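Asks: Given the coordinates of chain A, work out where chain B should sit on it, guided by the hints.
Protein chains: 2
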Amino acid sequence: MNPETNLAQLKNTLNEYTDLRKAMSLLVWDRETYMPPGGASERGDQLATLTRIAHLKFVSQEVGQLLEDLKPYANELDPDSDDARLIKVTTRLYKKRSMVPANLLADIAKATSDAHLVWEKAREEANFNEFQPHLEKIVALRRQYAQCFKPYNHVYDPLLDDYEPGLKTVDVQKIFAAFKPQQVELVRAISKRPQIDDSFLHQNYNEKDQWDFGVEVITRFGFDWHRGRQDKSTHPFTQSHGVGDVRITTRFLQDFFPSAFFSTSHECGHGLYAQGIDVNLSRTPLDNGASMSIHESQSRLYENIVGRSLQFWTHFYPRLLEYFPSQLGDVPLDTFYKAINKVEPSMVRVEADEATYNLHIMLRLELEIALIEGQLQVKDLPEAWNNAMQDYLGITPANDAQGVLQDIHWSSGLFGYFPTYALGNLVGAQLWEKLITDIPDMLDQIRQGEFESLTAWMKDRIHRHGAKFEPQELVHRITESKIDPDAYMRYLTNKYSDVYEL
Amino acid sequence: MNPETNLAQLKNTLNEYTDLRKAMSLLVWDRETYMPPGGASERGDQLATLTRIAHLKFVSQEVGQLLEDLKPYANELDPDSDDARLIKVTTRLYKKRSMVPANLLADIAKATSDAHLVWEKAREEANFNEFQPHLEKIVALRRQYAQCFKPYNHVYDPLLDDYEPGLKTVDVQKIFAAFKPQQVELVRAISKRPQIDDSFLHQNYNEKDQWDFGVEVITRFGFDWHRGRQDKSTHPFTQSHGVGDVRITTRFLQDFFPSAFFSTSHECGHGLYAQGIDVNLSRTPLDNGASMSIHESQSRLYENIVGRSLQFWTHFYPRLLEYFPSQLGDVPLDTFYKAINKVEPSMVRVEADEATYNLHIMLRLELEIALIEGQLQVKDLPEAWNNAMQDYLGITPANDAQGVLQDIHWSSGLFGYFPTYALGNLVGAQLWEKLITDIPDMLDQIRQGEFESLTAWMKDRIHRHGAKFEPQELVHRITESKIDPDAYMRYLTNKYSDVYEL
Chain A
1 MNPETNLAQL KNTLNEYTDL RKAMSLLVWD RETYMPPGGA SERGDQLATL TRIAHLKFVS
61 QEVGQLLEDL KPYANELDPD SDDARLIKVT TRLYKKRSMV PANLLADIAK ATSDAHLVWE
121 KAREEANFNE FQPHLEKIVA LRRQYAQCFK PYNHVYDPLL DDYEPGLKTV DVQKIFAAFK
181 PQQVELVRAI SKRPQIDDSF LHQNYNEKDQ WDFGVEVITR FGFDWHRGRQ DKSTHPFTQS
241 HGVGDVRITT RFLQDFFPSA FFSTSHECGH GLYAQGIDVN LSRTPLDNGA SMSIHESQSR
301 LYENIVGRSL QFWTHFYPRL LEYFPSQLGD VPLDTFYKAI NKVEPSMVRV EADEATYNLH
361 IMLRLELEIA LIEGQLQVKD LPEAWNNAMQ DYLGITPAND AQGVLQDIHW SSGLFGYFPT
421 YALGNLVGAQ LWEKLITDIP DMLDQIRQGE FESLTAWMKD RIHRHGAKFE PQELVHRITE
481 SKIDPDAYMR YLTNKYSDVY EL
Chain B
1001 MNPETNLAQL KNTLNEYTDL RKAMSLLVWD RETYMPPGGA SERGDQLATL TRIAHLKFVS
1061 QEVGQLLEDL KPYANELDPD SDDARLIKVT TRLYKKRSMV PANLLADIAK ATSDAHLVWE
1121 KAREEANFNE FQPHLEKIVA LRRQYAQCFK PYNHVYDPLL DDYEPGLKTV DVQKIFAAFK
1181 PQQVELVRAI SKRPQIDDSF LHQNYNEKDQ WDFGVEVITR FGFDWHRGRQ DKSTHPFTQS
1241 HGVGDVRITT RFLQDFFPSA FFSTSHECGH GLYAQGIDVN LSRTPLDNGA SMSIHESQSR
1301 LYENIVGRSL QFWTHFYPRL LEYFPSQLGD VPLDTFYKAI NKVEPSMVRV EADEATYNLH
1361 IMLRLELEIA LIEGQLQVKD LPEAWNNAMQ DYLGITPAND AQGVLQDIHW SSGLFGYFPT
1421 YALGNLVGAQ LWEKLITDIP DMLDQIRQGE FESLTAWMKD RIHRHGAKFE PQELVHRITE
1481 SKIDPDAYMR YLTNKYSDVY EL
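Top to bottom, those sequences are chains A and B.
Just so you know, this note's numbering puts 413 at position 413 of the first sequence, and the rest follows in order with no gaps.
In this note's numbering, each residue's number is its place in the second sequence (first place is 1) plus 1000.
If we strip away everything but chain A, and leave its shape as in the complex, we get (with noise of 0.2 Å):
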């Protein structure tokens, strides 16, 4: 057959694979939203057998001998076409893939949608046990799956590269190594000053007009609601069932107005990013964020760098009085600025200032770490992580389901996820410094309530390509540097020398 021919013919099946890969989305999506709690075990063996499915599909001869064939067609492309990109991507999940048996994929998709009722109960319950023999299944699943990659430098490679493509566990103990020393500092430093008083943000914040504002923020911020929609759940997050329907979740605290508001513009950060991808890419698997970090620079950069910024709140804080004039009517632009970027070591990680956050993630890391390694095991997991805690931060918390049951991901399975929060973060402050040099009012239109050129430049660098770059490429293309803590350190240094006068 001539090249065009298996190129259809692999799109084809890719096509399946990624409407399979979408629909699993969906179960998911409602699982987390609107699924009564009786669909439980019929929503796991659903994911279990849509898993498998989709799996044989990918990984089938078929595919193998298309791209196989296809590879001389490929090296006479433009490398940075999506045809070519195509190619080179489903050649390396291939390759991965291919060494993992189906059933321990649809096992694992069993195991975590089992799992999901149970520590959603055991944290209401602040109850580690119930939850104990899930995780202890879990884990051992994910070490299974881990070691299908044989050899490798580090058991936990297999598993971080699955949402970090091409980075190893030693590049992120590496670059985290190089920043903790500072933001350890920059923490002991913030706690020397006087404290911010932000009891104002704890009073009684109605959940509709909490809902309002921050759809009215990021509609502003050019969140397409013809193409997606908010909804309520446990846990927040953004799931893409399609470049036309992606959709975010949120939850609200009704005595505390940061939780809601800056959760809303996180997830439309992921929810611009999979909007923005080009629909040239959709039903393949280029239909996907560059990786887990690359998708957190977006939502960390909405919620942080702009939505806790004195810019943003120059333009919405006095919307925002409209909302709350009896809680917040007497209360200075200044305060609230300061108060919404309090720091102050925290038990919950969705919760944390920036400052702490890192130190969240870094002890995340080193747990999960050590479980994937088998150093640690499942029922000692609650004490290893209150005494982590109480080391790099300083507290303890009052039961498991402040401490070590807070977190959806371990009971998803999703072991390598969390470095790529921090990762975001870096990544955030890299693309900011890029961004404020390529468009230098930037603030200003921040200032203006403007956003229009900000998500222009993010679809333009970042969204549009999809998963067609892996990150620390797609990053050195955008900002000539690898994936580096320096510019995140210069911008926290710098707003906190402002907010807590260093």
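These are computed hints drawn from the structure, not numbers from a lab.
One thing to keep in mind: the hints can contain errors.
[What the hints assert, rightly or not] Cross-link-like lysine-lysine pairs, in silico, DSBU-like; alpha carbons within 35 Å at most:
1. Lys1011(B) / Lys137(A)
2. Lys1011(B) / Lys95(A)
3. Lys1096(B) / Lys11(A)
4. Lys208(A) / Lys1232(B)
5. Lys482(A) / Lys174(A)
[Said to hold, decoys possible] To be clear about the criterion: a stretch of chain B counts as covered by chain A if any three or more of its residues have a C-beta under 8 Å from a C-beta of chain A, and this derived list gives those stretches:
6. 1006-1019
7. 1033-1043
8. 1049-1055
9. 1224-1231
Bear in mind the structure is a predicted one, so any value in this text is a computation, not a measurement.
From the three backbone atoms N, C-alpha and C, an ideal C-beta is built for every residue, glycine too.
Replies: For chain B alone, kept in the frame of chain A given last:
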């Protein structure tokens, strides 16, 4: 291999097949409830792909061989056992489905999914022209589908058989012909009586109170919220994603109380059926109703025979008055009862009274048979519709939204489905006569708002068997008669003699 191994292998494939079907079911539920409009095209692709994969899995050579090998084993089993019935039903479906190319099914899935939003828009704008090319494509595909089953007595037979296994076009035409004169005569007799005033039903009824009252009633009917939920959609429907996850939808008219309430009760009948299927039949093709007419017997029994009875409202009317004191405070029970049973030729099937309802169905059956036969062209359909409305009901729709565009079915490719509504009315009355013989104080129980033994009876006789029995067989097992209009005509005559003092 021994038969047990063969059976286990067959079940394994049927489990996967059913998982795919349930996933498709969720894709459809979501499309009708929460999907953003931008998702329509990709959703069509997803449904087409899952349709193709599920079909190929079901009609595989492997399944054919297993069924062949299992024949002697099945003959030795108790013919009513789950396993014997599973093999029997699967063999029937296998034979039928093997005759259809997977791509044709995928084309139908894609065409109907694409048509969906167009139909919604066309209906909103009362513009048939917009919808016409889509319907033409769907009719052509459905004709092509029917023609896969040559030879047949009638081209409509294979379509009807999908919803009503074992029933032929000629059977339905005979049944309809047997009671049409009586039904027409009844409507004529009523039209000579003084008309009932139901103006108080056309007032402002707050949506939330409508919702709450409906939920209260169907909770009493036995709808299990742990294993189900209710949402809003343009066209009410019920979708099962497994016995633990059964979802109904409803819609609200702010200015007409009966619409949402009877829709909720109707869908609850379907929902109870799906929730009542024996869990041992889960993840197999038996996790389904026996047929659509059996399904409609349940929905229309809860909606009409129970939900529009004087006994029912003897209990619930005082409660309804608490929700709507200003609207109904001065309306006596008997006046309310007569109003919700008012007979009047009307444009919209789902709002039709029990006396005229079947006429709406006869009209649709006539038209859709003509479409599938090729005797009627899609472009001539609106005129044919309006003429038939004049013939059957003596009225003409003001526009196509009130006429030919009102139902979702044709846009979904559901040719062969409509007659099951009328058949369901008949079966419901047959079951009702048997039920009140078995439980002599049934009416008293309903007067007390007690439905436990009603729903338990239905579960025992109908629900738990899933799709084990064909509809005629099932009705015969319970009532010792096949599907027959006499009970329904007795029911109608009796009821309207009372309401209209005939």
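Asks: Give a verdict on every hint.
Replies: Quick rundown of the hints versus the structure:
1. Proximity of lysine 1011(B) to lysine 137(A) is assessed by CA-CA distance (about 26 Å); at most 35 Å being required, the pair is judged to hold.
2. Restraint check: the Cα-Cα separation between lysine 1011(B) and lysine 95(A) comes to about 32 Å, which is no more than 35 Å; the hinted pair holds.
3. Between lysine 1096(B) and lysine 11(A), the direct Cα distance comes to roughly 31 Å. Compliance with the 35 Å bound is thereby established for this hinted pair.
4. This hinted pair checks out: lysine 208(A) and lysine 1232(B) have alpha carbons roughly 20 Å apart, not beyond 35 Å.
5. Our distance criterion of 35 Å between C-alpha atoms is met by lysine 482(A) and lysine 174(A), whose separation comes to about 13 Å.
6. Here's how the segment 1006-1019 of chain B fares: 3 of its residues keep a CB closer than 8 Å to some CB of chain A, so the rule of at least three is met and the hint holds.
7. Requiring three or more residues with a Cβ within less than 8 Å of a Cβ of chain A, the coverage given for the segment 1033-1043 of chain B holds, as 10 such residues are present.
8. Counting residues of the segment 1049-1055 of chain B whose CB lies closer than 8 Å to any CB of chain A gives 4, which reaches the minimum of 3, so the coverage claim holds.
9. A count of 7 residues in the segment 1224-1231 of chain B with a Cβ less than 8 Å from any Cβ of chain A is obtained; the coverage claim is therefore met, three being the minimum.
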